[in-house]
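> Chain by chain, the residues run as shown.
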Amino acid sequence: MARIDLDHIRQSYVEHPRSPDDYALKEVKHTFADGGAYALLGPSGCGKTTLLNIISGLLRPTEGRILFDGRDVSALSTQERNIAQVFQFPVVYDTMTVRENLAFPLRNRGVPKAEIDRKVAEIIDMIDLGDWADRKAQRLTADQKQKISLGRGLVRSDVNAILFDEPLTVIDPHMKWMLRSQLKVLHKRFGLTMVYVTHDQTEALTFADTVAVMYDGQIVQIGTPAELFERPSHTFVGYFIGSPGMNVLPAKVEGNLARIGERTVRLPGRPGGNAAAITELGVRPEHVRVGREGMPVAIAKVEDIGRHRIVHAALDGHQIAAIVPEEAELPAEAHISFDPAGINLYADSWRVEMGA
Amino acid sequence: MLELKNVSKTVGGVAHIDSVSLTLRRGTLNVLLGPTLSGKTSLMRLMAGLDAPSSGSVWFDGTDVTGVPVRRRNVAMVYQQFINYPTLTVYENIASPLRVAGADAATIDAEVKRAAHLLRLEPFLDRTPLNLSGGQQQRTALARAIVKNASLVLLDEPLANLDYKLREELREELPKIFAEAGTIFAYATTEPSEALLLGGNTATLSEGRVTQFGPTIEVFRHPNDLITAQTFADPPLNTIVLRKRGGQFQLDGGADLPVPASSSGIADGNYTIGFQPHHLSLTPQTAAAVPLRAKVSVTEITGSESFIHLDFADVRWVMLAPGIHSLQPDDAINIYIDPHHMMIFDESGRAVSAGERLAA
Amino acid sequence: MDKTWNNKAWFMVLPVLVLVAFSAVIPLMTVVNYSLQDTFGSNVFFWAGTEWFQQVLGSPRFWNAMGRNLIFSFIILAIEVPLGILIALNMPRRGWGVPVCLVLMALPLLIPWNVVGTIWQVFGRTDIGLLGYYVDRAGIDYNYVRDPYDAWVTVILMDVWHWTSLVVLLSYAGLVSIPDAFYQAAKIDGASRWAVFRYIQLPKMNRVLLIAILLRFMDSFMIYTEPFVVTGGGPGNSTTFLSIDLVKLALGEFNLGQAAAMSLVYFLIILLLSWIFYTVMTNREAGN
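Protein chains in written order, with my numbering: chain F, 1 to 356; chain Y, 1 to 360; chain A, 1 to 288.
Possibly wrong hints are sitting among the right ones.
Only part of the chain A face toward chain F is listed, based on derived beta-carbon distances under 8 Å [as the list claims (entries may be wrong)]: (1) 78; (2) 182; (3) 184; (4) 185; (5) 190; (6) 200.
Here are the computed lysine-lysine pairs in the PhoX-like style, where the Cα-Cα straight-line distance is at most 25 Å [what the hints assert, rightly or not]: (7) A:187 / F:119; (8) A:187 / F:113; (9) A:187 / A:204; (10) F:301 / Y:176; (11) Y:113 / Y:176; (12) F:188 / Y:295; (13) A:187 / F:136; (14) A:8 / F:136; (15) F:119 / F:188.
Hint data in this document are derived by calculation from the structure and do not stem from the laboratory.
Where is the CB? At the ideal position from N, CA and C, for every residue including glycine.
Use the sequences and the hints to build the structure in full.
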């Protein structure tokens, strides 16, 4: 277990990087607290896997230092850092049994046999593979293999952190639920520092206490799932988190009023700073009410996705999505209103605080 | 119209497809939903003519095409992997089926432009696929399938290798594209949420059998049997076996659920009760809601909602509750369910009532 | 994956079937025919029954040659397989070194057998050969024409030089198919270099190694050209392998019946040994 500090990390795959565009990872400075559950969330190519490989030591950062519990480990190899990693595609040792797979990291470190047997038995029980303990790992299903990969990390008592690189990619939806909640339980139980890389918001938000949203080689926001949902600090976060993502409408602000085309929306407070710089208003579909009052809209499409419906409408020519409960009625002359607490304002894509 | 009549496929004594009968109509989107190895790909191969069925027949527009090879069937396929000609430009990739068919230059150009517009590929027509993102590569493959003007387009988990957000966007667009193309689409996926977003019709598959086929939302709300209900649930369906005695479903050790009026006629005995995670709640949502006592195991928060994993009697349930709830593990809490949301299955797994129809 | 039935496909394989019939089946039948009859020339044949087979199987000459074959195959497998794997393990996985190494490795495979023989024949000569001269100068008494031991070393060296590349290329193909994640996981698990080889690389190379061993075994068991060119089977009979003996018997002594019987026995032995090899190795794989 360890606290992990990323101290001004930059990474470039170009020989002599000059412009910021040469960096796959642009200056990351962050601390992963001991025992925390973190997720790095972002689209392909945002640098999240690069960052994970820097933490694990598979990659040496071009610039900056990485510290475990205050000790500089930048020059240390993966083994010396004592971390475990679960990969996208399950990695198991085909010719070994489940038990031997789990014992492998301990055997390599010369742990006494009695100790190995005790530890392995404990982990097999925990990851629920008791019935398969003496089978060859090759014959198991993808989710069982991922459990073995995880178990190989948990079995070591010296492990500083467990890193996950999109571990549920090849798992069927039903098994994803099982594995995810099991992972959460194991995290609570072991109190290990865990860092989970994914492009899937549900996985990131449900697993982690703190999520770092990455975009174009940078962390654009770090926060709890609730913060990312309620107060996206960048329109990208608003778009990337939530299904569908946040509605972003062009707007002008005057005092505590926002104008969207011909319509006026009352804001929960006055924005601080330069109100004239504000160009966009963001509101999540969950915070858009559809009823008989508010701004008139033309409904273009209603998608019934089972547990709720997604209404796609046009507000003065701007596309807007709203989420409506399963059994709610949709009026013929639909109007929408925004939940004031769900309104965010953006200047140059970055969020502007509102005062009272 | 594509008809499968009692089609089976056995390979080395193992039934990959077990007497499937399906009718897919022109201009419809048909989702084949089921977990890995449930037979989705095998079924598509039979539809395409890549495989011949062991028994049964395949009909196209009233003609028996069983055993007619794929080359002579005018079928297009899109796979999970992004399959394009790596050395050809996007334009040439999309044009390739037309060139094979011997279309004239003007037609090719018009068709390629139309497909590129539909799939928003216009800015990339001069690039080669390897210089595109995954989403753009898959759009290219889709454009090629559409331009072929095939009478049957098969899509085998086409979005599985794409980012979550890209998947979401393409799921939005695909139904529009499908509606314009006007041919038969069959779309395989493992994800219930994808089927719901795509709409159209859904056939649920389990162990090589089609357990139900109908309009997607109908199958979701009114599954005919337990297997269909379980296949079509994400998060997993909550189930429990209860004994019906008179007007109550009972569990030894405590719980009592009233039998909904719509199913009052059923005989006493054991039933499996199922309900969707979003139908469980922390507070009573309707006057008819009944409380149950359950123990919290884990809570997962998505930002706007919470997935609360519960231990109830000897089963594991999931509640999908709006808002953020930080419940402590092992807390005993009251949960509520409205009986009219219950799905009731008899001991053979057949639905005796799959929840009352909702006023739409 | 099963295929769609198409009768036209038969026309595609027909030329090959005809070719195989003329090049293999018909000669084989002729050999069977010879092996069961005796002739004193002028195309008059007598039924000989199993006479020829009894002679072959009863002759120490046959069993000696057979023994030499087995020892030879065993030695070259014992050298070429580990050596091939070792070279493959040390070949670069990416960069400009890959094509260079591949071309270098492929070179010996492109040289015809008899040329290999000739090259080594000259190479090993103590008067003008580069190898022979310096080995001789180094004070080692080396002469493959006089010394049976030196003759063996020469033939084995030739085979190793000629064929190790095949094992290298096949092993390399197996190695590059292993995803990086496996090596990373092994690093994280603290696996030693040997453990990586034993638990990741070797299991993943299993299939291609099986093919390599099978090919090398069959091929080495049929060795002919190299010893024929270099040593001519000598000195004495020390490098007279079955194939060389067969040719001596058939063309040198014109003992067609016995030669036919011998070649049939030879053929069956190769078939049998290959089959045993294959089943043992595939069973072992399935057993995992």
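> Looking back at the hints listed earlier, which ones does the structure fail to meet?
Checked against the structure, the hints that fail are numbers 1 and 14, while the rest are satisfied.
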